[in-house]
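What follows is the residue order along each chain.
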Amino acid sequence: MSPVHAAEADVRSNYKRYKIETNYAPPIFKEPARFEPKVRKLRLAKMLIEEFFEYVLMDSFSRKAKGNLTERLKAMLDRPCIYGVFSSPLGGFKPIKERCTACMRCKQEYPDVIEDIVTTKEFLSLERFGMRPEDVMTLWYEAKEGKELVKGMGYRGSFAGPGWDSIWLDMSEIVRPTRDGKMGREYISTSTDIGRRPMLYSNNSDGQIRMVTIELPIILDCSNRSWLNRSVIESAIYAAEKCGTLVIIPVEIYVKLSDGERRYAIPLIDREFKQSELLNACKAFETENHADFEPLRYDDKVRIARINADGKIDDMAIELVNNGYDAIHLVFRPDGKDISNNYHAKDVIRSLHNRLVRECIRDEISIIATGGINMAEHVPKAILCGCDAVCIDTALHIALQSRFSINDGKYEIRPREFDKEWGAQRIANLLAAWHEQFIEALSAMGKRDGRRLRGDVGRGIFYEELKKEAFGDIEHA
Amino acid sequence: MLNLAIEKHKKNLQRGLELLSIDSFTNETALGNKGWTDELIIATYEQALTGRPPSSGIEYRKGNRGDGFDALDFKYKLDPSEAKDYDSIDISLELNRKSYGPKIRISCPWYGAGMSYGSVSLNFMLARAKAAQIYNTFTSTGEGGYPDELLPYKEHVITQVSTGMFGVKEETIKRCRIMEFKYAQGAKPGLGGHLLADKNTVDVAKMREAVPNVSLYQPFPFHSVYSVEDHKKHVDWARTMNPNMLVSVKVSTPIDVDMVAIGIYYAGAHIIHLDGGYGGTGAAPEFAKKNIAMPIELAIPRVHNYLIQEGVRDDILLMASGGIRTAHDIAKAIALGADGCIIGTAEAIAVGCTQCGNCERGRGCQIGIATSDRELSQLLDPDWGARRIINLYKAWSIELKRILYALGLSSVRELRGRKDLLRYSGYA
Chain A
1 MSPVHAAEAD VRSNYKRYKI ETNYAPPIFK EPARFEPKVR KLRLAKMLIE EFFEYVLMDS
61 FSRKAKGNLT ERLKAMLDRP CIYGVFSSPL GGFKPIKERC TACMRCKQEY PDVIEDIVTT
121 KEFLSLERFG MRPEDVMTLW YEAKEGKELV KGMGYRGSFA GPGWDSIWLD MSEIVRPTRD
181 GKMGREYIST STDIGRRPML YSNNSDGQIR MVTIELPIIL DCSNRSWLNR SVIESAIYAA
241 EKCGTLVIIP VEIYVKLSDG ERRYAIPLID REFKQSELLN ACKAFETENH ADFEPLRYDD
301 KVRIARINAD GKIDDMAIEL VNNGYDAIHL VFRPDGKDIS NNYHAKDVIR SLHNRLVREC
361 IRDEISIIAT GGINMAEHVP KAILCGCDAV CIDTALHIAL QSRFSINDGK YEIRPREFDK
421 EWGAQRIANL LAAWHEQFIE ALSAMGKRDG RRLRGDVGRG IFYEELKKEA FGDIEHA
Chain B
1001 MLNLAIEKHK KNLQRGLELL SIDSFTNETA LGNKGWTDEL IIATYEQALT GRPPSSGIEY
1061 RKGNRGDGFD ALDFKYKLDP SEAKDYDSID ISLELNRKSY GPKIRISCPW YGAGMSYGSV
1121 SLNFMLARAK AAQIYNTFTS TGEGGYPDEL LPYKEHVITQ VSTGMFGVKE ETIKRCRIME
1181 FKYAQGAKPG LGGHLLADKN TVDVAKMREA VPNVSLYQPF PFHSVYSVED HKKHVDWART
1241 MNPNMLVSVK VSTPIDVDMV AIGIYYAGAH IIHLDGGYGG TGAAPEFAKK NIAMPIELAI
1301 PRVHNYLIQE GVRDDILLMA SGGIRTAHDI AKAIALGADG CIIGTAEAIA VGCTQCGNCE
1361 RGRGCQIGIA TSDRELSQLL DPDWGARRII NLYKAWSIEL KRILYALGLS SVRELRGRKD
1421 LLRYSGYA
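Chains as they are written, first to last, in our numbering: chain A, 1 to 477; chain B, 1001 to 1428.
Bear in mind the hints are in silico, worked out from the structure with no lab data behind them. Incorrect hints may appear among the rest.
[To be verified] Only pairs whose alpha carbons sit at most 25 Å apart, straight line, appear in this in silico DMTMM-like list of lysine to aspartate or glutamate:
| # | chain 1 | residue 1 | chain 2 | residue 2 |
| --- | --- | --- | --- | --- |
| 1 | B | K1034 | A | E127 |
| 2 | B | K1010 | A | E475 |
| 3 | B | K1290 | A | D165 |
| 4 | A | K74 | B | E1028 |
| 5 | B | K1075 | A | E469 |
| 6 | A | K97 | B | E1028 |
| 7 | B | K1075 | A | E436 |
| 8 | A | K38 | B | E1018 |
| 9 | B | K1290 | A | E134 |
| 10 | A | K19 | A | E261 |
| 11 | B | K1098 | B | D1085 |
| 12 | B | K1075 | A | E215 |
| 13 | A | K312 | A | D259 |
| 14 | A | K94 | B | E1028 |
| 15 | B | K1011 | A | E115 |
| 16 | B | K1011 | A | E50 |
| 17 | B | K1290 | A | E115 |
| 18 | B | K1290 | A | E50 |
| 19 | B | K1290 | A | E464 |
| 20 | B | K1062 | A | E98 |
| 21 | B | K1084 | B | D1073 |
| 22 | B | K1010 | A | E54 |
| 23 | A | K420 | A | D259 |
| 24 | A | K151 | B | D1023 |
| 25 | B | K1034 | A | E98 |
| 26 | B | K1011 | A | E71 |
| 27 | A | K151 | A | E98 |
| 28 | A | K312 | A | E277 |
| 29 | A | K151 | B | E1375 |
| 30 | B | K1034 | A | D116 |
| 31 | A | K38 | B | D1085 |
| 32 | B | K1010 | B | E1149 |
| 33 | A | K30 | B | D1023 |
| 34 | B | K1290 | A | E54 |
| 35 | B | K1062 | A | D473 |
| 36 | B | K1419 | A | E475 |
| 37 | A | K41 | B | E1028 |
| 38 | B | K1034 | A | D335 |
| 39 | A | K151 | B | D1236 |
| 40 | B | K1077 | A | D473 |
Same shape as in the complex, but just chain B (with noise of 0.2 Å):
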């Protein structure tokens, strides 16, 4: 494509962005889906532009899965559209529950996840970059490796060290002040990461010191790691090199997701990051994403009661991510026992994602995010990507700080496992 092509189409996409609205598509409409449906995909566009709630009437709050998040409500002692005096509500987070280890707090309870560089376009990854450092919160390299480009917002960026060891090296884990060993991705649990063979360019094969134009399939688990003692010594390897960081650990959601929350636990690490089954993924079977391991609505309260049987729910961090779509779903899951949330899939819907689900192509997303196309990859700017991001976190702290003040709390905090506020409407 030339030069000249590319400013045209990238002018053309923002432009058009700010454009749509759901008066834009009809009945009929190909956009969205049970998950993300179309008002959500518009809704989220909005507060990517506005930096503030949807005001239109437009459905902003849920989606159309039939259960989970999209059956649950609050019971609001007030309405949250008129709340007005909710600024001085705290929606901030302390990541380190220990008595050791340095304290970080981040703005909101909320960071961003894992999407590793070939899996998603280094444009894509500046973004989130820059608006985790404008925030104050956090980004994810993911499984791909460390981009020097990143370097500058390194006090925001969490370094991810999954089972491939694609792209890990001392000095990637001594420079972050968060380290997460992935051990597995809800998307696909069970199975190691897939990056297809047309992804995998010369640029992205280069970062994870692999053979370039093959497909990588990362193995599963960590090979060293086949017990919790081994997790343990894991954990500890971790901190010898950078004493100075925080551990977080990521695990899917299986039917002992209890169990392994307090293996984390006793192997001194600091965060348990949950994803749960309906995660977003560059590429993953299609059999795996629906079947295998149980959604985080399931999971969170599992873990919440577990933690707390035994007597170190407040010793650790709980992170829940896997089809956080929007400020609701953060409140849900902190209401069902979560500490706060992780978020991906709706940092790339903020960014033009319409869901079309061609990510595993080399040049299947036609906007810039999911490819390491060069070409394409141009036409997200990064310096756009992050405004637009940091106006749909402005949004999100809006509406969380509204609902706070709709249920009578003054901060985040005083959410958590309250799950007394919450209503259900689910198939009884």
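Only chain A is shown next, with the shape it has when bound in the complex (with noise of 0.2 Å):
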């Protein structure tokens, strides 16, 4: 084999398709039914006894009766639903109501028998830090299945919204690169880089290139202390390291990792860390403390800036960037608003993002946003407004069930205990349904990498803009 050759079947022997790893991993902790059918069931005895009569005793279609006495038996006991809520030996006197969809045919048949299909209580006690219960189904099903959901019926919820529902995504008619989209042959890239990229060669110290490529632009933020336990911190890692990404812990959990775990850990320290030998397996750390704009310096590791974001965050980021840092890493509330309650995190983004271009130092900073990503839609339209990345806090618990509280308006977190594997699963699932819908997304626009996506506000349809145009010329109620 010529040498040509033989560099070219290495390369192809060495590529591998960034695929991530589904497997079904079912809820360890029981989900509330959705549904539950409200029988009368004094009118279901009366009503059996009733269509006993009419199919069984007596003709009922014609002069004649059709089929033998088994048949005529099995068709007056052929209950009106094909999900199996009436199937137990009870029939509808204890319906299965975990098997209900309220497709509502019970109720369209008898709907003297059936008084309702009712919402359970137990499934709108599922809100979430804001988050509706639909939103958390969703998002336990993607754990579940590793799939994104596909159902008939169009969009059911409200016109728009704030904060992230008022954006959408657009989508390219003819012209596009992409020939199949998602269901191609051909590959959409995923993968960002957080860190800095000078845009000058320098033969200065300073002018190395301080960059970590991830797989798919989402981080797990493991940072609020409260929120963890070893369940929590060992299926991170775990996840991470499946689906080619990075997870944000403290750094006192950090130290106790293998040298292993730590390739996959985002260290998060403070000033009085001095053992910096331990930050050797690590690729990047993350700091809080950084008042004076001085960053903590390790080598080659890619230096974030961990901020409460707040409206005036600009300037900031300028002096850090100025400092040495190389990303910048926003923290907004879980209902994505910024600590001021002001601004939500699209706004301070978007704010953000083209104060760099102005200043042309955009690729020599990253900027990574957590707080109010919850849903896969975040994803997308967090790049578009200038994020090269975002973490998932809340997302990650619900995929793994842990329980929800608002105490004297200070959100808690208590994760449960369960299997490594079954949560690094869970985690995995989850990721891997929201990459197939940013790659939908990238897709329906017709690009092939999502770092063409970053700030590309043009390929966003803001509502406000928009109604603008449609209704301000039409008078106001």
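Fit the two chains together into the complex; they arrive one by one in their own frames, and the hints show the way.
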């Protein structure tokens, strides 16, 4: 074999198309039933007696009874549900509500017997930090199956809403470089680079390219100590390895990890941390206390500044870049608002991205966002506004079936105990489903690379702008 | 399921739909959603039964989406419910605005959307075709081919050609009066059609000339069309096969929908069919339904105004679909700039759909609408279904005429683009 062919063969044999392995990971804590048929049992009994007379004892359809007695009895007992809700031995007297999909057929056939199909209180109590119960169910489905949710019927929600719900993603009608989109043979890249890309080559020691590439623009954020236990940490690290991404964890937990595990971790460190040799295995670190803007320096590790986002971070970001930070990690509230509660993440990110572009330093710092990234759709929308990557925390805990509460306005999460394999698979399934949906957005736009979406607001459809155009000249009530 | 059982359930369903009213449900009911509320669904059942707008006080004009059509009202000069002399109001629609080609006038400013064989049952397709024939409007085959059972109604059936070219044959194009190129669908813009494996039965696969029991995902876009010039060649190809038909082009609603529309005009099509993001579907990713492309209410004014600026507005028909639920939505769409509307979900609800969203499964639709299962399909009688759809059309016709009467207009054409007759109560 010639050297050229050998080299090509080597590339081919090492090439591995990015794919997250998914496996069915059923919930280990029971999910509530969404619907419940309410049956009027006395009327049910009366109906059964009436149907027995009509279909079994007497001629019903014409002068001649159809079928033999067994067939007529079977027809009489045939239940008005294809999902098996009335398949228990007691039939309608004890419906299996877990199977109910609210198709309403039983109500349509027997409006007097079925009082109603109602949404259960247990389902309605699933609201998590402003997320609707339906959204929580969607995340559970994604964590269980590793697939995006495909259903019939059109969109059933509100016309638009605040925050991320005020953005639609564009699509490309004809002209598009991807021929088949997500179903095709062409590869759509979702990898992203976190770090600094200098604009000019420099011989200075600080001219290094400090960058880490992750396979999808989603990082796991396990930095909140009160939301952690051993199960969550082990699962998150393992999932990060499976999915080609990273997980942010407190340094006191990081130091207990093996070298192999540390490769997938971003330790959250403070100024008192002195054991720099322990950072050898990781690719990036994050600091919270950076008031003097002087970053800790550890060779070629990517330096990330973690900041509680408010509307005035643009100037701070410039200072951080000038002082050597490679990425800025904006932390929003769980509802996506900044700490002043005045601005949503979409506006803060857009403002920061635009400011960095105007200063001609956009590629010298990456923007990461945490808080309010709770559904797959938030990922492309956040990147379109200007992020390089997003972090998930609430969604991660929903996938792991953690317990949620709000006490005195403070969000609390209590994780459960579970097997690492199960937890990692749930997280990997969630990321696989979100990855699939991210590719769907890119393929609809005709984009072959997720990096090209960053800050491309021309591919966003913004509700506030379009509403003015469509309804601005109509008299307001 | 035994035949006797099917007969029993069919009889019960038909009777039960006549008995249901809003009082049949509790405040905690799971029926309905923000777009199609429980009242709107029941009101549609009532109209499909009586052929008249409801008079029980039930909300039958709008849903609860909070904006779009649900935040638009008309500035009436008179009270529509007191309209009496409205029979002479003209709501017919001429589909060909060009100086060449056949003239086709339909009795109402709407026709049925494409719902493919496989996505919906043959019985439902027959019900729609019968209704279209009797009411002098159209229905569409959808992207799954042209079943022979629709031949008796071919004068009122639109042949749809989609990106997968399923069941596309020269004879199905030659026999139709209108052909529609489906580039995109509002519920899954940028993605091709979806038919999941358990709905792709042997019969469906045979119609589509595909392999049965595998999921069918159509490509996006047409693999022969990557520019406006390619699109013109596409239209020319179709018109070469059948010079006596009209050509419609169905597209979704991207940010540059106005550019797309003008491209359709210059390619020589007769009808621009805009399908908004909130339209119905037999199967689509929930992500795509909500997040990709814009709702129809925002797209119509953009296209209408642009076509006016280009000086071609009166040379092409603009039809809107995607979330058109009532006669009021139709009137509002026309006031925003459309010529007429294309409806799908409303017809399904007329024959008993409850918006449960299980359509993507093979045995998901419990009453025989969105299923290819032979047994379940029998639950829907085509003649009964046709009567229900015709009654809905009648009710909408009365309501639309009342609206026009109350606005002081004598035909639906006078309503086009009349945003001055609207009032907006959405979020400022």
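Hint check:
For the proposed pair K1034 (chain B) and E127 (chain A), the alpha carbon gap of about 18 Å is at most 25 Å, so the pair holds. Under the criterion of a C-alpha separation no larger than 25 Å, the hint pairing K1010 (chain B) with E475 (chain A) is inconsistent with the structure, at around 49 Å. Proximity of K1290 (chain B) to D165 (chain A) is assessed by CA-CA distance (about 9 Å); at most 25 Å being required, the pair is judged to hold. Distance restraint check for K74 (chain A) and E1028 (chain B): the Cα-Cα separation of roughly 33 Å exceeds the 25 Å cut-off, and the hinted pair is therefore not satisfied.
Of the pairs offered as hints, the one joining K1075 (chain B) and E469 (chain A) holds, with about 20 Å between alpha carbons and a cut-off of 25 Å not exceeded. Among the hinted pairs, K97 (chain A) with E1028 (chain B) is consistent with the structure: their alpha-carbon atoms are about 15 Å apart, no more than 25 Å. For the hint linking K1075 (chain B) to E436 (chain A), the alpha-carbon distance of about 46 Å lies beyond 25 Å, and the restraint is violated. Taking the CA atoms of K38 (chain A) and E1018 (chain B), the gap is near 21 Å; set against the 25 Å cutoff, the hint holds.
With a CA separation close to 14 Å, the supplied pair K1290 (chain B) and E134 (chain A) stays within the 25 Å bound. With a C-alpha separation of about 21 Å, the suggested pairing of K19 (chain A) with E261 (chain A) holds against the 25 Å cut-off. For the proposed pair K1098 (chain B) and D1085 (chain B), the alpha carbon gap of about 33 Å is over 25 Å, so the pair is violated. For the hint linking K1075 (chain B) to E215 (chain A), the alpha-carbon distance of about 55 Å lies beyond 25 Å, and the restraint is violated.
For the proposed pair K312 (chain A) and D259 (chain A), the alpha carbon gap of about 39 Å is over 25 Å, so the pair is violated. Our distance criterion of 25 Å between C-alpha atoms is met by K94 (chain A) and E1028 (chain B), whose separation comes to about 20 Å. Distance restraint check for K1011 (chain B) and E115 (chain A): the Cα-Cα separation of roughly 20 Å lies within the 25 Å cut-off, and the hinted pair is therefore satisfied. Among the hinted pairs, K1011 (chain B) with E50 (chain A) is consistent with the structure: their alpha-carbon atoms are about 15 Å apart, no more than 25 Å.
Taken as a hint, the K1290 (chain B) and E115 (chain A) pair is broken in the structure, with Cα atoms around 32 Å apart against an allowance of 25 Å. A hinted pair counts as satisfied when its Cα atoms are at most 25 Å apart, and K1290 (chain B) with E50 (chain A) does not qualify at roughly 46 Å. Under the criterion of a C-alpha separation no larger than 25 Å, the hint pairing K1290 (chain B) with E464 (chain A) is consistent with the structure, at around 17 Å. Using a Cα cut-off of 25 Å, the hinted pair K1062 (chain B) and E98 (chain A) is violated, with the two alpha carbons roughly 32 Å apart.
The hinted pair formed by K1084 (chain B) and D1073 (chain B) meets the criterion: a straight-line CA distance of about 21 Å does not exceed 25 Å. With a CA separation close to 15 Å, the supplied pair K1010 (chain B) and E54 (chain A) stays within the 25 Å bound. With a C-alpha separation of about 18 Å, the suggested pair K420 (chain A) and D259 (chain A) falls inside the 25 Å cut-off, and the hint holds. Of the supplied pair hints, the one linking K151 (chain A) and D1023 (chain B) is violated, its CA atoms being roughly 29 Å apart against a limit of 25 Å.
At most 25 Å may separate the alpha-carbon atoms for a hinted pair to count; K1034 (chain B) and E98 (chain A) meet this at roughly 24 Å. Between K1011 (chain B) and E71 (chain A) the alpha-carbon distance is near 17 Å, which keeps this suggested pair within the 25 Å criterion. Between K151 (chain A) and E98 (chain A) the alpha-carbon distance is near 18 Å, which keeps this suggested pair within the 25 Å criterion. Distance restraint check for K312 (chain A) and E277 (chain A): the Cα-Cα separation of roughly 36 Å exceeds the 25 Å cut-off, and the hinted pair is therefore not satisfied.
Distance check on the hinted pair: K151 (chain A) and E1375 (chain B) sit about 22 Å apart at the alpha-carbon level, within 25 Å; holds. Annotation: proposed proximity of K1034 (chain B) to D116 (chain A) holds, straight-line Cα distance about 19 Å (limit 25 Å). Proposed proximity of K38 (chain A) and D1085 (chain B) is contradicted: the alpha carbons are some 46 Å apart, above 25 Å. Our distance criterion of 25 Å between C-alpha atoms is met by K1010 (chain B) and E1149 (chain B), whose separation comes to about 22 Å.
About 34 Å separates the Cα atoms of K30 (chain A) and D1023 (chain B), which puts this hinted pair outside 25 Å; it is violated. For the hint pairing K1290 (chain B) with E54 (chain A), the CA-to-CA distance comes to about 48 Å; that exceeds 25 Å, so the pair is violated. Among the hinted pairs, K1062 (chain B) with D473 (chain A) is consistent with the structure: their alpha-carbon atoms are about 22 Å apart, no more than 25 Å. Distance restraint check for K1419 (chain B) and E475 (chain A): the Cα-Cα separation of roughly 9 Å lies within the 25 Å cut-off, and the hinted pair is therefore satisfied.
A C-alpha spacing of about 19 Å is found between K41 (chain A) and E1028 (chain B), which places the hinted pair at or below 25 Å, so the restraint holds. Our distance criterion of 25 Å between C-alpha atoms is met by K1034 (chain B) and D335 (chain A), whose separation comes to about 22 Å. A distance of roughly 36 Å separates the Cα atoms of K151 (chain A) and D1236 (chain B); the hinted pair therefore is violated under the 25 Å criterion. A hinted pair counts as satisfied when its Cα atoms are at most 25 Å apart, and K1077 (chain B) with D473 (chain A) qualifies at roughly 20 Å.
Against the hints set out earlier in the document, violations occur for numbers 2, 4, 7, 11, 12, 13, 17, 18, 20, 24, 28, 31, 33, 34 and 39.
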